[in-house]
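*Asks:* Chain by chain, the residues run as shown.
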Amino acid sequence: MFAGVTELVQLLTPDGRRTTAASASGPEAEYQAHVADVTDDELVGLLRDMTIVRRLDDEGTALQRQGELSLWASLRGQEAAQIGSGRALGPDDMAFPSYREHGVAWCRGVDPLNVFGLFRGSSLGGWDPQEHGFALYAIVVGSQTLHATGYAMGVTRDHGEGAVISYFGDGASSEGDVSEAFGWASVFSAPLVFFCQNNQWAISEPYRRQSRVPVYQRARGFGFPSVRVDGNDVLATLAVTRWALQQARAGAGPVLVEALTYRINPHTTADDPSRYRPADELSTWRRRDPLDRLRTYLRARDVLTDELESSIAAEADAVAADLRARCLALPDPPEDSVFDHVQVTENSLVATERAAYTDLRGALL
Amino acid sequence: MTTSEMATGPAAGAPANTARQAAVDTAVDAGPRPAGTAASLGREGTGGGTAAGNGAAPGRRAAAAVVDGSGTAGEGSARRTLTLAKALNTGLLAAMQADPKTVIMGEDVGKLGGVFRITDGLQELFGEERVIDTPLAESAIVGTAIGLAMRGFRPVCEIQFDGFVYPAFDQIVSQLAKMHYRSAGRVRLPVTIRIPYGGGIGAVEHHSESPEAYFCHTAGLRVVTCSNPADAHLMIQQAVASDDPVIFLEPKRRYWEKGEVDTTPLADLPADLRTGLHSARVVRPGEDATVVAYGPMVRTCLDAAEVAAAEDGRSLEVIDLRSLSPLDLDPVIESTRRTGRLVAVHEAPSNVSLSSEIAARVTEQAFYHLEAPVLRVTGFDTPYPPARLEDHYLPDVDRILDAVDRSFGY
Ligand SMILES: Cc1ncc(C[n+]2csc(CCOP(=O)(O)OP(=O)(O)O)c2C)c(N)n1
Ligand SMILES: [Mg+2]
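Quick mapping for you: the protein sequence lines, in order, are chains A and S.
Just so we're aligned, residue 1 is where the first sequence starts under my numbering, counting upward by one.
Just so we're aligned, residue 1001 is where the second sequence starts under my numbering, counting upward by one.
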């Protein structure tokens, strides 16, 4: 069963209209069923999530400019892909992110201060993967897809309840690790959703430099189903991810979801896209803004009022202000923490180096 | 991530460790250090005035000016002041002109010119067939370079950051390094793998590592690293011209440091300069103790030598290894025999490292001249820490001078 071979699953059009079950043909109707229970309040909740993570993202960029973070990788444009998929996850599910999934981290209850601490250079991670069902960020592109595959194989062997989701980018799809993860997940029927955010760029390289076929079609050769969803449509992303997780939990094996979206900002704060990216492409995608789409839909139905919208904005500002204050107050880690947690058992060489360095610092101060 | 990105430089708020370090920083700001010495010139001569002449063909000069944009090439002279990054760029340009079979390949090397702009402007000059933006796959970058080399090409691969070379590890150590041996010399693989390495720029994880020992441990590879713009310009051309595979390590935190460069293309240089890839060099002569380093730590050791002279009245001889495999230890042994004391410095951890090898060999060959054991100043045997702690992890002037003090304590 290969769902949505050519379609782009869309439940909210870019101008904010809902594709109804009646107008939806084929697989779309199936995905509709997965969000039939979503209430207006829950839709407002998705808007709130997206507004907050966008606001946090702007704060990341600002703090980097002010020298408080050494780098920031912006998620702007990908809020719907991250919140739609992140909110599809249940407490027993486990997510394996890359380094841009700040929105998913938010959904998993990770304190954004931990994410900021990583980009500030205060820590290498900072959250407990088990506690949040959210693994550490993976900077080595593609590596996490294999961890997710192994974790999912473990879920099968444990007769566990949850499913696993692995995030990765369009560029990452070229790494050998990702192809190997596809192969393994397939032959072991791993309860795993491969979730590719195709934001169309891998730093300066457009997706056509990675493959001649769309990302989602690559699952076919590995023998598992895939679907391409409009990644700027939070409702469709929620529906498709719910469907995919259900498949995985039911023992049907892996699913590949390609969320088609766009990286609005530079790759990171250190990047200069004017060197490689056509300006008109950016303006096209700005018109497909994921937040505007949901806002328009909710406004047309009088669910979103001026009052509600400003209260969401005020909440987002408050979350960002609190985060900023805590980020500025973040102390540098104690200097001898360099030697902590190198391994579980004590390593005599590290212990010797710790002692020598402590002596030297004592002598210098 | 790429911090690619790192063009932004170090994170704010990393204070100099001590007053001693602060004094050094001021001294560094005050102006460039003396470059090569007479001693070094006698040996291989890249550091100072060589008899290089002005052999650059007009076409070459013109192309260089296009890339540079500044047109700084002086009338009738091939000397220019360049950053280390620009010196590599200019050297690569010359290598591309010298051999039409030379191709550059890597992530973001074409249109973007690389995240550090080392290949800036080269795709414009040489086209997409010769400057290739590759898919995001390091194993494939090196694996396909091997195939291209078997087909007569001379690939120059860029690995975006030190921490991303490991997906290519099999292709480097089991394939690239061994093909010549396996084919009983029938196959040559003139592949250069450029890797920005080392810390000190406030980067996120996997962007500050020093992986040189893995490659030095592998027979069949040459491993070299430059520490200044003049060497960068010459050594990258020597590496590309080499018929052996070369791991070319670039000290990323020194990319923006400037120095005078003789931009005469390799082909127009005297024969001994065309092949000097394996030689170490004395960068500061001294009498009381020898300090050996390479890549990013050479500058730090020169700073330490300055402080030792000013504060302790000690004269340190500083040697830049330049070649890590094979090692050219003759200048180190000769120097140690004179001074009786040796301190080896690198950013990489100490365990089974370059300094382990240096200590063993110097002990074998200069034992009766040693007044103290060979001491080492290295990164710790921990993973590279978060950036806010890297000033503690990385050897600095204080730790180097502490080792020198300890050496004199024997
Ligand atoms: C193995 C590896 N190689 C190279 C890099 C440097 N790098 C960081 S992000 C990136 C591009 C990734 O593109 P994509 O997978 O599309 O994710 P996006 O950044 O667009 O979210 C590259 C080349 C890396 N982090 N890891
Ligand atoms: Mg991408």
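I should point out that these hints are in silico values taken from the structure, not numbers from a laboratory.
It should be emphasised that the depicted structure is a prediction, and the values quoted were computed from it without experimental measurement.
Yeah, the Cβ is synthetic: ideal placement off N, Cα and C, and Gly gets one too.
A portion of the hints provided could be inaccurate.
[Claimed, not checked] Chain S stretches covered by chain A per the calculated footprint, using a threshold of three residues with CB under 8 Å from any CB of chain A:
(1) 1160-1171
(2) 1191-1204
(3) 1260-1274
(4) 1391-1403
*Asks:* All hints, please: hold or fail.
*Replies:* Do the hints match the structure? See the list:
Evaluation of the coverage hint for the stretch 1160-1171 of chain S: fulfilled, as 4 residues show C-beta separations to chain A shorter than 8 Å, against a requirement of three. For the stretch 1191-1204 of chain S, the assignment as covered by chain A holds, since 3 residues bring a beta-carbon within under 8 Å of that chain's beta-carbons and 3 suffice. With 0 residues having a Cβ less than 8 Å from any Cβ of chain A, the stretch 1260-1274 of chain S misses the three-residue criterion, and the hint is violated. For the stretch 1391-1403 of chain S, the proposed coverage by chain A is satisfied: 5 residues have a C-beta within less than 8 Å of a C-beta in that chain, meeting the threshold of three.
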